[in-house]
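Engineer: Here's the letter readout for the chains.
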Amino acid sequence: MTRTMMAALGAALLAAPAAAQEGSTLDARVNEIFAQTTGPFVNFIFAPLYGTDFPWIVMWLVVAATVFTLYFGFVQFRYFGHAIRLVKGDYSDPDDAGEVSHFQALATALSGTVGLGNIAGVAVAVGIGGPGATFWMILAGLLGMASKFTECTLGVKYRNEYEDGTVSGGPMYYLSKGFRELGLPGGGVLAVLFSIFCILGALGGGNMFQANQAHAQISGIVGDYPGWITGLVFAAVVFMVIVGGIKSIARVTEKIVPFMGILYVGAALIILIAEYDKIGWAFGQIFEGAFSGLGVAGGLVGALIQGFKRAAFSNEAGVGSAAIAHSAVKTKEPITEGFVSLLEPLIDTVVICTMTALVITISGQLIMDPQTGRFVLDEAGTAIATVDGNTGVALTSAAFAEGIGWFPYVLAVAVVLFAFSTMISWSYYGLKAWTYLFGEGRTKELVFKLIFCVFVVIGAAANLGPVIDFSDAAIFAMAVVNILGLYFLMKIVRRELGSYGKRLRTGEIVAYKN
Amino acid sequence: MTTRLVVGLDGHASGERALDFAIKQARLIGDCDLVVAYVIEWSPFSFQTAEENAQRHKRREEEISTVMSRVIDPAVNKLEGLGLKAVGKVRHGDVADTLNAIAKEQKAAQIIVARSSEGGFSSRIFGSSTFNLVKAADLPVTVVQ
Numbered sequence: 000m001t002r003t004m005m006a007a008l009g010a011a012l013l014a015a016p017a018a019a020q021e022g023s024t025l026d027a028r029v030n031e032i033f034a035q036t037t038g039p040f041v042n043f044i045f046a047p048l049y050g051t052d053f054p055w056i057v058m059w060l061v062v063a064a065t066v067f068t069l070y071f072g073f074v075q076f077r078y079f080g081h082a083i084r085l086v087k088g089d090y091s092d093p094d095d096a097g098e099v100s101h102f103q104a105l106a107t108a109l110s111g112t113v114g115l116g117n118i119a120g121v122a123v124a125v126g127i128g129g130p131g132a133t134f135w136m137i138l139a140g141l142l143g144m145a146s147k148f149t150e151c152t153l154g155v156k157y158r159n160e161y162e163d164g165t166v167s168g169g170p171m172y173y174l175s176k177g178f179r180e181l182g183l184p185g186g187g188v189l190a191v192l193f194s195i196f197c198i199l200g201a202l203g204g205g206n207m208f209q210a211n212q213a214h215a216q217i218s219g220i221v222g223d224y225p226g227w228i229t230g231l232v233f234a235a236v237v238f239m240v241i242v243g244g245i246k247s248i249a250r251v252t253e254k255i256v257p258f259m260g261i262l263y264v265g266a267a268l269i270i271l272i273a274e275y276d277k278i279g280w281a282f283g284q285i286f287e288g289a290f291s292g293l294g295v296a297g298g299l300v301g302a303l304i305q306g307f308k309r310a311a312f313s314n315e316a317g318v319g320s321a322a323i324a325h326s327a328v329k330t331k332e333p334i335t336e337g338f339v340s341l342l343e344p345l346i347d348t349v350v351i352c353t354m355t356a357l358v359i360t361i362s363g364q365l366i367m368d369p370q371t372g373r374f375v376l377d378e379a380g381t382a383i384a385t386v387d388g389n390t391g392v393a394l395t396s397a398a399f400a401e402g403i404g405w406f407p408y409v410l411a412v413a414v415v416l417f418a419f420s421t422m423i424s425w426s427y428y429g430l431k432a433w434t435y436l437f438g439e440g441r442t443k444e445l446v447f448k449l450i451f452c453v454f455v456v457i458g459a460a461a462n463l464g465p466v467i468d469f470s471d472a473a474i475f476a477m478a479v480v481n482i483l484g485l486y487f488l489m490k491i492v493r494r495e496l497g498s499y500g501k502r503l504r505t506g507e508i509v510a511y512k513n
Numbered sequence: 000m001t002t003r004l005v006v007g008l009d010g011h012a013s014g015e016r017a018l019d020f021a022i023k024q025a026r027l028i029g030d031c032d033l034v035v036a037y038v039i040e041w042s043p044f045s046f047q048t049a050e051e052n053a054q055r056h057k058r059r060e061e062e063i064s065t066v067m068s069r070v071i072d073p074a075v076n077k078l079e080g081l082g083l084k085a086v087g088k089v090r091h092g093d094v095a096d097t098l099n100a101i102a103k104e105q106k107a108a109q110i111i112v113a114r115s116s117e118g119g120f121s122s123r124i125f126g127s128s129t130f131n132l133v134k135a136a137d138l139p140v141t142v143v144q
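Listed in order, the protein sequences are those of chains B and Y.
At position 457 of the first sequence the residue is numbered 456 (numbering that gives the first Met the number 0), and the sequence of numbers has no breaks.
At position 28 of the second sequence the residue is numbered 27 (numbering that gives the first Met the number 0), and the sequence of numbers has no breaks.
Everything labelled a hint here was simulated from the structure, so no lab data went into it.
All figures in this text were calculated on a predicted structure; none of them were measured in a lab.
For each residue, glycine too, the CB sits at the ideal point set by N, CA and C.
Heads up, none of these hints are tricks.
Listed below are the simulated EDC-like cross-link pairs for lysine to aspartate or glutamate, each with C-alpha atoms no more than 16 Å apart in a straight line:
1. Y:Lys57 <-> B:Glu162
2. Y:Lys88 <-> Y:Asp9
3. B:Lys246 <-> Y:Glu51
4. Y:Lys88 <-> Y:Glu62
5. Y:Lys106 <-> Y:Asp30
6. Y:Lys103 <-> Y:Asp137
7. B:Lys512 <-> B:Asp94
8. Y:Lys88 <-> B:Asp94
9. Y:Lys106 <-> Y:Asp137
10. Y:Lys88 <-> B:Asp95
11. B:Lys512 <-> B:Asp89
12. Y:Lys57 <-> B:Asp163
13. Y:Lys57 <-> B:Glu160
14. B:Lys254 <-> Y:Glu51
15. B:Lys176 <-> B:Glu160
16. Y:Lys57 <-> B:Asp95
17. B:Lys512 <-> Y:Asp96
Have a look at the derived ranges for each label pair, beta carbon to beta carbon:
18. B:Phe40 <-> Y:Gly10: 54 to 60 Å
19. Y:Glu104 <-> B:Phe40: 56 to 62 Å
20. B:Asp92 <-> Y:Asp30: 31 to 37 Å
21. Y:Val86 <-> B:Gly182: 49 to 55 Å
Non-contacting residues of chain B with respect to chain Y, defined by C-beta distances greater than 12 Å in every case (computed):
22. Ala46
23. Tyr275
24. Val409
The following block holds chain B by itself, in its conformation from the complex (with noise of 0.2 Å):
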């Protein structure tokens, strides 16, 4: 069946240039069908609050972050240094050697992570809301560090062991045994509709916008071209990992990805150098923006809400993506990975965000009207007119090319190895999500895979607006429930930060190394 699959994709990619023509009216029926089916689910997520145009689910995750960051008593700061502790392995047990690091753990939930929310999320936040967004993403990545913390804390306290010595873990584990455990009703209904949207995420956020935004990239550097072509490209390779099971492509993926964050991050570190003078303003423009719009779609409103939104799509805190994929760490201290989880938003939205916010308001993509002082609109009025009327990805693009000329062609190597990276990790998150609403056996896990793979050159070829509106909503839709879920659990993670940090201050626990 494999070989056929393949043979099927080789065909249709070598009469790729014939179907060209073709190809855009394929696009546009693609995209047509997409945006009728996913409109009456995106219109319900992004729903506004009776009365105003703030859309409750920004508001589900705002307070959600704030009542786990009051309630853990400002974990994200008072066990900060501890949590750089545990990642550099110091309270690790020699004996666990060859286990699941708290590093690995951490580094594999960033590569599922850190990616597109981090430059076409934030191009598009910075495009509708502003450099005031910047403000309230970087917010929302600090309260964030403690809804990450409570479900990752939950998703190792929950998994599953298997004889076999391999683990699963995740929202549906913790919501269905954890409620449970209380003696409450309703964790398994949690846990299957958690499943259903966290399925829906994989495919949304997890993949069609990555496919998407991966194709708006390529297509900027060798020209225009349809986008179902990159989309069977991509979902050839895909297939070849995840159904093929050719481990060495991830495993290149995942070592070179770490590198490309880190090139990317030296680029922007470069520009914000070279442009010292102009981060003072930048930051101005930020913190001015936050609470006044500057005149931007939405104003102030609109800076929060783009905000919150990119950031909480590029971290995913409360989302419990990240508690799949902390749950495998080898540690008798459930908290510990929850410590080390906090890291990642910070990481994640606070450092790597913020970033590329400054790089895009510094480089002057954003067209302001010199004798205001404020942004001039785009045509449609719903966000700010840049240069060549770029968006997304496109706009991060050309705003590290007015600092680093060539980076445009590393940032879209980085782009596509971002994208793989993140397909990958979500395919994971949804199969395991798959598994728990159908069981496990190889027949049930290859209908998920080749589910994904088509939704792949869907993604691709549908426009960025219906891909990003779904994807949002299907990734919000798990935290709906997640957060939910937390809120009746996180008495548990008091329990267990109650137990381990007297045990750390009483000398109970202590380090392996000093």
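With chain B fixed as given, assemble chain Y onto it according to the hints.
Structural biologist: Frame of chain B, contents of chain Y only:
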């Protein structure tokens, strides 16, 4: 007092040379026992996919079991057959650091390893495990040609 020697094996001919040299040394010393050790190269700071992480515990057990059956058990049986006392150890980690740690933990008098001819690109850049062990060990190291 019993003298203890730690012998680093690698599953290749070089490990066999180290073992043969250790046997000779043990016989010359007389009251001597041996610890045969194999370190599976591993770093807590490497990058893995989520699927690899989920299966890591299982893979680790398989790796230890394979090394025990293919390298350590035959070596211990050989030593015991020659009337020498021997135990086997399999650990994950940096080869040089872990061999040194095993030797310290076992209160060994020295570590015996062989110079490996199977050097890849990374060993040319970062130095071989043998070279790193000689540089960093806290006790005498004998490198067999």
